[in-house]
Amino acid sequence: MSDTPIKKLNFKELASQLLPEGASFDSCLTCGLCSSGCPASGLENMDPRKFIRMAMLGMDEELSKTPWVWMCTQCKRCQHVCPMDIDIAQLVFAARSNWPKELKPSGIVRSCELTRSTSSTSAMGLPPEDFVFVVQDVLEEVRELQPQFKDMVAPMDKKGAFFFVNQNSREPMSEPDEMVPLWKIFNLVGADWTYSSKGWAAENFCMFSGDEEAWHQVIQQRVDAVNELGCRVWLNTECGHSYYTMWNAINRFGMEADFELANLVTYYARWIREGKLPVNADWNTAGLKFTVQDPCQIVRKAYGDEIAEDMRFVTKSLVGEENFIDMQPNRSANYCCGGGGGFLQAGMTDQRRIYGRRKFDQIAATGARYVLTPCHNCHSQMEDIGDHYGGGYHVVHFWTLICLSLGILGENERAYLGPELAALGL
Amino acid sequence: MPTVEHNGKSFQVDEDGFLLKGMEEWNSEWVEYVKTSEGISELTDEHQKVIDALQEYYKKNGIAPMVRILSKTTGFPLKRIYELFPSGPGKGACKMAGLPKPTGCV
Numbered sequence: 001m002s003d004t005p006i007k008k009l010n011f012k013e014l015a016s017q018l019l020p021e022g023a024s025f026d027s028c029l030t031c032g033l034c035s036s037g038c039p040a041s042g043l044e045n046m047d048p049r050k051f052i053r054m055a056m057l058g059m060d061e062e063l064s065k066t067p068w069v070w071m072c073t074q075c076k077r078c079q080h081v082c083p084m085d086i087d088i089a090q091l092v093f094a095a096r097s098n099w100p101k102e103l104k105p106s107g108i109v110r111s112c113e114l115t116r117s118t119s120s121t122s123a124m125g126l127p128p129e130d131f132v133f134v135v136q137d138v139l140e141e142v143r144e145l146q147p148q149f150k151d152m153v154a155p156m157d158k159k160g161a162f163f164f165v166n167q168n169s170r171e172p173m174s175e176p177d178e179m180v181p182l183w184k185i186f187n188l189v190g191a192d193w194t195y196s197s198k199g200w201a202a203e204n205f206c207m208f209s210g211d212e213e214a215w216h217q218v219i220q221q222r223v224d225a226v227n228e229l230g231c232r233v234w235l236n237t238e239c240g241h242s243y244y245t246m247w248n249a250i251n252r253f254g255m256e257a258d259f260e261l262a263n264l265v266t267y268y269a270r271w272i273r274e275g276k277l278p279v280n281a282d283w284n285t286a287g288l289k290f291t292v293q294d295p296c297q298i299v300r301k302a303y304g305d306e307i308a309e310d311m312r313f314v315t316k317s318l319v320g321e322e323n324f325i326d327m328q329p330n331r332s333a334n335y336c337c338g339g340g341g342g343f344l345q346a347g348m349t350d351q352r353r354i355y356g357r358r359k360f361d362q363i364a365a366t367g368a369r370y371v372l373t374p375c376h377n378c379h380s381q382m383e384d385i386g387d388h389y390g391g392g393y394h395v396v397h398f399w400t401l402i403c404l405s406l407g408i409l410g411e412n413e414r415a416y417l418g419p420e421l422a423a424l425g426l
Numbered sequence: 001m002p003t004v005e006h007n008g009k010s011f012q013v014d015e016d017g018f019l020l021k022g023m024e025e026w027n028s029e030w031v032e033y034v035k036t037s038e039g040i041s042e043l044t045d046e047h048q049k050v051i052d053a054l055q056e057y058y059k060k061n062g063i064a065p066m067v068r069i070l071s072k073t074t075g076f077p078l079k080r081i082y083e084l085f086p087s088g089p090g091k092g093a094c095k096m097a098g099l100p101k102p103t104g105c106v
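So the protein sequences, as listed, match chains A and B. According to this note's numbering, the first sequence is numbered sequentially starting from 1. According to this note's numbering, the second sequence is numbered sequentially starting from 1.
Don't read these hints as lab results, they were simulated from the structure. In this text the structure is predicted, and so the values were computed from the model without any measurement. Just so you know, not all the hints are guaranteed correct.
To be verified - One side of the interface only, derived from the structure: several residues of chain B facing chain A at Cβ under 7 Å:
1. 15
2. 63
3. 66
4. 90
5. 103
6. 104
7. 105
Every residue, glycine too, gets a C-beta built ideally from N, C-alpha and C.
Throw the hints in and build the complete structure from the sequences for me.
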């Protein structure tokens, strides 16, 4: 353990700077809405209301040192329900920033360092040439083994393409076949798209580590990569915090971005409505039940309920309206699963699973056999708590189910499906 | 940092049970320990081939290889690697080889 001390922050001053105009902490009702809806309440004997009250009481030493700041996922549900709109997540971000690097959770720090180690901006440290190799390697295999896709493309560094498509590093690194359903969808709708050998990766643990300068640099590389290719739309695929980290940083740091930001779910919904993705629920003859997990970073923290509605439209189109069961609460009021904010990389497994219990209970109450979510951290966390607490559900990407519904899901693209769907339509 | 004991040997591990000092401290007792904790019944030459490939790549590149590269280097399809290491190449195999825990959204 390092001897580097954690400096004492003045949390009352920081909190005062975050207040909306005309508001005052003296008016705080201490209503506890923030804490009652926070899955991190009770961990480290802390909760959001207590955090604010301790700040007002000048208990800066305790707040500066509490490891709770790494268990709060900065999901902003507390702010969402707060009558005063207090941005507690910003205080947590400030506290994280204040920790010496050597005392921060090593998994988060290392994920940030690897993100900065190559021009890929990949938290797994994948160099550009490896990404280019794996895309080409997988594409050649699909063209050979699935003759109906012998002409499918996965363009790289195509200047002027409409979509600049990002990808979570998990796919090229450890589950490359999961990229294929996405390519098939683009192929089917006739999208003009490209990957980039630079700035292609989705994740940003520098933001989670509280390292604002590193966060800025990572996003600058991505913005430069999109500008360089002259793409119209930076398309965030099924990765939760990727959108938030890009959108927030562009505004926060005043970057020049000559493109729009969009989320793939929005386009899934559009392509289904336009008839370009002719999905239906005919395959679901067993009446398998589905629910969706609203990623905090996309829904509550970015688009709001608009994209949550798109997720539900897409899901119902895929599985049948009668087979969709919402979690309660949901949309912008949904609970964080506990996989966000870098918690999965924080090495605090017991606390993360306690946090995730609320999500597990939410899922269990739906009785759903499958959870759909466009976020890799949600995905990993819900799988982990499912295994840990004995849930019988599976977590799947939207792209898997879209291709399943269309009858074009290949044999190697089914890693996340349960046994009842493992061979359906093959 | 936590430590684990196995056959009288003590190892410092990180929060997720990966060898803290990595390959610097890696030895056959560690392999035995991970074999037990991962529920692998018998270590074969195939396990060793995967460990060798992971270590060699890591020494050269400072990261674990992508599974496609691991497959090409060892000649084992991904399915076989999962049979050898049920918790997967990133978790089980990297842990046994003394590589750090995979980073990113895992």
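Any hints from earlier that this structure breaks? Give me their numbers in increasing order, please. Nothing - there is no hint that the structure violates, so all of them hold.
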